[in-house]
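Modelling step: build the complete structure from the supplied sequences, incorporating the hints.
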Amino acid sequence: MKIEHRIIDDLKTERPDVTPCLPTYFQLVPILFYVVVIGGILLSAVFFLLLRNATFAEVSWNNENAQLKQSLTAMQGERELIEQQTQRANSVVSWVEGARNIQPLVVAIIRNIEEGSSIAELGLTRDQDTPTHLKLKIKLNTLGLRQLDAILEKIASFNFKTYNPNQTQSKGEIDYEATLIYQNTSEPQATPNIDKHP
Amino acid sequence: MSNKHIACLVILFFAVLIIQGVIMIRTRATEMRGNAEIARRSVMEAKANINNQRAALDNLKLKSAALLGYLDAWEPYLAAVSTPESGELYINTLIKKNNLLLLSQRFDVMPNKLELPTASASTPKSTKAVTIPQMVRANLIIEDDFIKTINWLGQIETDLPTARVSNLDLIRGQSGNDLKMNLIFDVPLAKPAITPSPDK
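Quick note, the sequences are listed as chains W and H, same order. Under this note's numbering, the letters of the first sequence match residues 1 to 198, in that order. Under this note's numbering, the letters of the second sequence match residues 199 to 398, in that order.
Keep in mind the hints are simulated off the structure, nothing from the lab. Even glycine gets a Cβ: it sits at the ideal position worked out from N, Cα and C. You may find that some hints are simply not true.
Result set (EDC-like, lysine to aspartate or glutamate): computed pairs, CA atoms no more than 20 Å apart in a straight line [as the list claims (entries may be wrong)]: (1) H:K346 to H:D367; (2) W:K69 to H:D367; (3) W:K139 to H:D376; (4) H:K311 to W:E80; (5) W:K69 to H:D376; (6) H:K259 to W:D175; (7) H:K245 to W:E58; (8) H:K389 to W:D175; (9) W:K135 to W:D175; (10) H:K389 to W:E97.
Among chain H residues calculated to face chain W with C-beta under 7 Å, some are [claimed, not checked]: (11) K202; (12) I204; (13) C206; (14) A213; (15) R224; (16) R238; (17) V241; (18) M242; (19) E243; (20) Q251; (21) S262; (22) A264; (23) L265; (24) L269; (25) T329.
The following block contains the structure:
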């Protein structure tokens with residue numbers, strides 16, 4: 001069946017526009033939107049790059065910091081070891097200084113005895129608190145003081161100085177007591193020969 | 199409000215969302231740059247600190263080189279007698295080797311009072327810092343030929359250079375050229391040498 005065009009037109013009712021046109025300045029809205037989208041993409045890209053670089057830089061600095069801390073710890077360990085060894089060395093020096101050989105001194109004293117004199121007793125005692133100090137006790141059978149003077153001279157040649165001397169003399173006997181203090185303490189006890197160690 | 203108005207508002211809302219997103223990324227980037235800057239400063243400070251520490255360490259090494267060399271030279275002698283038994287054995291061996299007449303002998307293990315932590319109030323030492331905590335004290339009475347006895351004394355002082363004669367009394371022996379020697383002899387029992395731990 002054929003419907004005529006006119007009749008259809010007749011079916012359509014006349015109606016006004018749904019909404020009125022927006023003012024002209026509203027044309028800025030889509031422009032603004034596009035600007036924001038493009039600007040947002042560009043700025044986001046820039047900031048993202050900055051963020052990524054900053055992250056890498058932070059990781060890299062943190063790694064370097066960790067390595068430096070490790071080196072610092074190692075260095076502190078080394079320092080601690082040296083300090084401990086120095087402390088040990090000081091202890092050894094102070095022990096060794098109080099362990100200077102006394103046999104050469106004894107031999108020198110004995111060899112220095114002249115004819116007509118003799119040693120009845122000879123004693124050397126180390127001070128417990130200051131082992132570098134030796135207490136000398138000697139009982140001489142001799143007629144004069146010359147023998148004692150000779151012995152003291154010999155002792156002085158070993159860099160010992162006598163302190164608090166106490167001397168008694170009776171009937172050809174001399175009792176002499178003194179504290180011997182080693183004078184040349186700036187020169188440390190010589191290191192023994194390595195080949196000879198036990 | 200018409201549909202067109204609503205459409206504009208929706209578009210503006212999306213624009214604001216995009217701006218907000220960009221601001222968030224920027225804030226995060228700024229924060230990360232700040233963190234990176236803090237880390238960089240920390241590294242610079244650590245580098246400066248390391249340089250100072252290295253200089254101090256080099257200085258310390260230089261200053262203590264002679265002392266440590268001295269310690270190295272004496273370490274073998276300290277290590278030679280590490281137990282009371284080895285000290286006794288060593289002294290007895292030397293006496294027998296020289297065929298000396300030994301009248302009496304006594305060995306005691308004594309604390310080294312000068313190195314005890316409470317030795318001095320002004321310079322207290324920690325237990326860790328003590329190097330020679332103990333010593334073997336040999337009380338010997340020997341009576342033999344004068345020269346043999348004196349030479350033996352010299353030999354023991356040479357062979358055990360770390361040992362210390364604490365007391366020596368020499369009196370005439372009972373016969374001819376004999377000498378009676380009362381000897382108190384301290385042999386140090388040092389702690390083992392300090393060595394760097396493997397992890398250092």
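Going down the list of hints, with the structure as the test:
1. Only pairs whose Cα atoms come within 20 Å are accepted, and H:K346 paired with H:D367 is accepted, the gap being roughly 16 Å.
2. Straight-line distance between C-alpha atoms of W:K69 and H:D367 comes to about 60 Å, which puts the hinted pair past the 20 Å bound.
3. For the suggested pair W:K139 and H:D376, the alpha carbons sit about 17 Å apart, so the restraint of at most 20 Å is met.
4. A threshold of 20 Å between alpha carbons decides the hint, and for H:K311 with W:E80 the separation of about 25 Å lies outside it, so the pair is violated.
5. For a cut-off of 20 Å, the pair hint linking W:K69 to H:D376 is broken: about 70 Å separates their Cα positions.
6. Between H:K259 and W:D175 the CA atoms are separated by roughly 51 Å; this puts the pair beyond 20 Å, and the hint is violated.
7. A threshold of 20 Å between alpha carbons decides the hint, and for H:K245 with W:E58 the separation of about 16 Å falls inside it, so the pair holds.
8. Restraint check: the Cα-Cα separation between H:K389 and W:D175 comes to about 42 Å, which exceeds 20 Å; the hinted pair is violated.
9. Annotation: proposed proximity of W:K135 to W:D175 holds, straight-line Cα distance about 13 Å (limit 20 Å).
10. In summary, the hint linking H:K389 to W:E97 is supported, as the alpha carbons are separated by about 19 Å, within the 20 Å threshold.
11. A cut of 7 Å between beta carbons decides the hint on H:K202: the least distance to chain W is about 5 Å, and the hint holds.
12. Annotation: H:I204 was flagged as interfacial toward chain W, and the flag is violated, the nearest CB pair being 10 Å apart, outside 7 Å.
13. A least Cβ separation of about 5 Å between H:C206 and chain W falls short of the 7 Å threshold, and the interface hint therefore holds.
14. With its C-beta approaching chain W no nearer than about 4 Å, H:A213 sits inside the 7 Å limit, and its interface hint holds.
15. For H:R224, the suggested interface contact is upheld, since its CB lies about 5 Å from the closest CB of chain W, less than 7 Å.
16. Among the interface hints, the one on H:R238 holds; its C-beta lies about 5 Å from the nearest C-beta in chain W, closer than the 7 Å criterion.
17. Hint status for H:V241: holds, given a least beta-carbon distance of 5 Å to chain W, under 7 Å.
18. This hint is violated: H:M242 has a C-beta 9 Å from the nearest C-beta of chain W, more than the 7 Å allowed.
19. Interface restraint check for H:E243: the shortest CB-CB distance to chain W comes to about 9 Å, outside 7 Å, so the restraint is violated.
20. Given the 7 Å rule on beta carbons, the hint for H:Q251 holds: about 5 Å separates it from the nearest Cβ of chain W.
21. The beta carbon of H:S262 is positioned within 7 Å of a beta carbon in chain W (closest approach about 5 Å), and the interface hint is therefore held.
22. A least Cβ separation of about 9 Å between H:A264 and chain W goes past the 7 Å threshold, and the interface hint is therefore violated.
23. Annotation: H:L265 was flagged as interfacial toward chain W, and the flag holds, the nearest CB pair being 4 Å apart, inside 7 Å.
24. Restraint check, H:L269 versus chain W: the minimum CB separation of about 4 Å is within 7 Å; hint holds.
25. For H:T329, the shortest C-beta to C-beta distance to chain W is roughly 4 Å, which falls under 7 Å, so the interface hint holds.
Figure legend: structure checked against the earlier numbered hints; hints not met, in rising order: 2, 4, 5, 6, 8, 12, 18, 19, 22.
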